[in-house]
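Chemist: Here the protein sequences line up with chains B and S, keeping their order.
If you read the first sequence in numbering that gives the first Met the number 0, its first letter stands for residue 0, the second for the next number, and so on.
If you read the second sequence in numbering that gives the first Met the number 0, its first letter stands for residue 0, the second for the next number, and so on.
Hints listed in this document are in silico derivations from the structure and should not be mistaken for laboratory results.
Mixed in with the good hints there might be a few duds.
When chains are identical, the list treats them as one kind, so a pair holds in a single copy or across two.
[Unchecked claim] DSS-like cross-link-like pairs, simulated, lysine-lysine; straight-line CA separation at most 25 Å:
hint, residue 1, residue 2
1, Lys-81, Lys-117
2, Lys-81, Lys-216
3, Lys-204, Lys-1
4, Lys-157, Lys-145
5, Lys-216, Lys-167
6, Lys-204, Lys-145
7, Lys-117, Lys-145
8, Lys-195, Lys-81
9, Lys-55, Lys-34
10, Lys-216, Lys-1
11, Lys-34, Lys-167
12, Lys-216, Lys-174
13, Lys-157, Lys-55
14, Lys-174, Lys-195
15, Lys-167, Lys-204
16, Lys-204, Lys-216
17, Lys-204, Lys-174
Protein chains: 2
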Amino acid sequence: MKALCVISGGMDSAVAAAIARREGYEILGLHFDYKQRTQSRERQCFYDICSDLGAKSFVFDASFIAGIGGSALTDLSLEVPKNRKELFEGAKKSEPPITYVPFRNGIFLSIAVALAQKEGCEAVFLGLVEEDSSGYPDCSADFLAKMTAAIQSGTGTKIELIAPLIAKNKGQIVKIGTELGVDFSHTYSCYESDIKPCGACDSCKLRARGFGVAGIKDPVS
Amino acid sequence: MKALCVISGGMDSAVAAAIARREGYEILGLHFDYKQRTQSRERQCFYDICSDLGAKSFVFDASFIAGIGGSALTDLSLEVPKNRKELFEGAKKSEPPITYVPFRNGIFLSIAVALAQKEGCEAVFLGLVEEDSSGYPDCSADFLAKMTAAIQSGTGTKIELIAPLIAKNKGQIVKIGTELGVDFSHTYSCYESDIKPCGACDSCKLRARGFGVAGIKDPVS
Numbered sequence: 000m001k002a003l004c005v006i007s008g009g010m011d012s013a014v015a016a017a018i019a020r021r022e023g024y025e026i027l028g029l030h031f032d033y034k035q036r037t038q039s040r041e042r043q044c045f046y047d048i049c050s051d052l053g054a055k056s057f058v059f060d061a062s063f064i065a066g067i068g069g070s071a072l073t074d075l076s077l078e079v080p081k082n083r084k085e086l087f088e089g090a091k092k093s094e095p096p097i098t099y100v101p102f103r104n105g106i107f108l109s110i111a112v113a114l115a116q117k118e119g120c121e122a123v124f125l126g127l128v129e130e131d132s133s134g135y136p137d138c139s140a141d142f143l144a145k146m147t148a149a150i151q152s153g154t155g156t157k158i159e160l161i162a163p164l165i166a167k168n169k170g171q172i173v174k175i176g177t178e179l180g181v182d183f184s185h186t187y188s189c190y191e192s193d194i195k196p197c198g199a200c201d202s203c204k205l206r207a208r209g210f211g212v213a214g215i216k217d218p219v220s
Numbered sequence: 000m001k002a003l004c005v006i007s008g009g010m011d012s013a014v015a016a017a018i019a020r021r022e023g024y025e026i027l028g029l030h031f032d033y034k035q036r037t038q039s040r041e042r043q044c045f046y047d048i049c050s051d052l053g054a055k056s057f058v059f060d061a062s063f064i065a066g067i068g069g070s071a072l073t074d075l076s077l078e079v080p081k082n083r084k085e086l087f088e089g090a091k092k093s094e095p096p097i098t099y100v101p102f103r104n105g106i107f108l109s110i111a112v113a114l115a116q117k118e119g120c121e122a123v124f125l126g127l128v129e130e131d132s133s134g135y136p137d138c139s140a141d142f143l144a145k146m147t148a149a150i151q152s153g154t155g156t157k158i159e160l161i162a163p164l165i166a167k168n169k170g171q172i173v174k175i176g177t178e179l180g181v182d183f184s185h186t187y188s189c190y191e192s193d194i195k196p197c198g199a200c201d202s203c204k205l206r207a208r209g210f211g212v213a214g215i216k217d218p219v220s
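Using the sequences and the hints, build the whole thing.
Modeler: Take a look at the structure:
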């Protein structure tokens, strides 16, 4: 029983992969490089996480994503937003934030499914989190259900997409990961800096809140 | 009104793009290089087709697809099947053929939609053909409908996937293309050789039958 785990190097996908491992799957890890600002740090975290899980690792070059442009994660002429009020104050999230890479999860999922089919995996595990995900439309349970239907039709398989954290928040994810023995020093979340977390981007803020709520010290901060 | 047309260099996507043009869309052309055997010839056809349509052109490197492996289109250790009986004799198509690149259309579509969203396109046009398509599961109308639902959910847009040839056969496609003034000398179909069509792979056979049924001479053969 094999599962392909898409592992970004962030905490959510590391915990999702640890859940797959606990459920008894043999793990194959897949990571994407796409010229994001924090590419080298994230890739190192990926290799560390795969090593922790005894997983075979695949790294694919998805740098065409930077060619699409339109996101502050890959376009260095755009600024990563800091200390956004909308993040925690219940403001309407009508527009995706500037860190949104158009349909990034759809692209990553499609590629992951192709590799899963080739490698004979029954499932693809993802670290998607709906509530905590900066309002990206391709992080929703609705998207995931529809994508599953498309993938099963388009591959002629019953490959399942499993996002065990989709309805969790960052505090719960820290707790689950801690119970499963995830080494959070092998994860990285900042959108902006490769060297040390900026502490002010959406992703740093969400991570800090998660560790705060869980009452656990973040080994990376 | 803008449409992103995924243009492989084959005849189907060239005709689909010509249909989009006739419907009044401004055309953006997108082509994928993925280390397929006939990559350089297909890319040249793509540029010629874009030039014929007055289209802005985008070429993305999708060579990670060769890294997935499992298809005779990209894996030079596998043989491209020749003169397959199943192609025309109504044999059951229970297994995808060895030229199948796992979920290739799903991957290409996901990337195309991301670019379409960035460029403000209302539609993505595709050359998918269900009946004539070597039995690939990601060439079906069912897949397309489900992928449309996934894409609209995952992008928060109403981008439409339009496959105007999905229910046509190659003979009809040659006729429609001829009526629209498509220059078929700017298209290429062979799976195996970059230099001249082998005449025996599935794709060459389907093309030859199409021109034969339409009673039109193929300028490439």
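Chemist: Evaluate Lys-204 and Lys-174 at a C-alpha cut-off of 25 Å and name the case that applies: within, between, both or neither.
Modeler: within (17 Å within a copy, 59 Å between copies)
Chemist: Which holds for Lys-195 with Lys-81 at a C-alpha limit of 25 Å: within a copy, between copies, both or neither?
Modeler: Result: close within a single copy only, 15 Å intra versus 56 Å inter.
Chemist: Can you give me the call for Lys-167 and Lys-204, within, between, both or neither, at a CA distance of at most 25 Å?
Modeler: Close inside one copy (16 Å), not across copies (53 Å); limit 25 Å.
Chemist: Which holds for Lys-204 with Lys-145 at a C-alpha limit of 25 Å: within a copy, between copies, both or neither?
Modeler: Close neither inside one copy (30 Å) nor across copies (36 Å); limit 25 Å.
Chemist: Give the relationship of Lys-81 and Lys-117 under a CA distance limit of 25 Å: within one copy only, between copies only, both, or neither.
Modeler: Cα proximity of Lys-81 and Lys-117: across copies only (23 Å, versus 41 Å in one copy).
Chemist: Pop the pair Lys-81 and Lys-216 into one bin, within, between, both or neither, using alpha-carbon distances up to 25 Å.
Modeler: within (22 Å within a copy, 62 Å between copies)
Chemist: Using 25 Å as the alpha-carbon threshold, which applies to Lys-55 and Lys-34: within, between, both, or neither?
Modeler: both (23 Å within a copy, 24 Å between copies)
Chemist: Within, between, both or neither: how does the pair Lys-216, Lys-1 come out at a Cα-Cα threshold of 25 Å?
Modeler: Intra 33 Å, inter 50 Å, cutoff 25 Å: neither.
Chemist: Evaluate Lys-204 and Lys-216 at a C-alpha cut-off of 25 Å and name the case that applies: within, between, both or neither.
Modeler: within (14 Å within a copy, 64 Å between copies)
Chemist: From the Cα coordinates, with 25 Å as the cut-off, is the pair Lys-216 and Lys-174 best called within, between, both, or neither?
Modeler: For Lys-216 and Lys-174, only the intra-copy Cα distance (11 Å) is at most 25 Å; the inter-copy one is 68 Å.
Chemist: How do Lys-157 and Lys-145 come out at 25 Å by Cα distance, when the copy is not named: within, between, both, or neither?
Modeler: both (14 Å within a copy, 15 Å between copies)
Chemist: Measure nothing new, just compare the shortest in-copy and cross-copy C-alpha distances for Lys-216 and Lys-167 to 25 Å and report within, between, both or neither.
Modeler: within (19 Å within a copy, 61 Å between copies)
When the structure is compared with the earlier hints, violations turn up for hints 3, 6, 10 and 11 and for no others.
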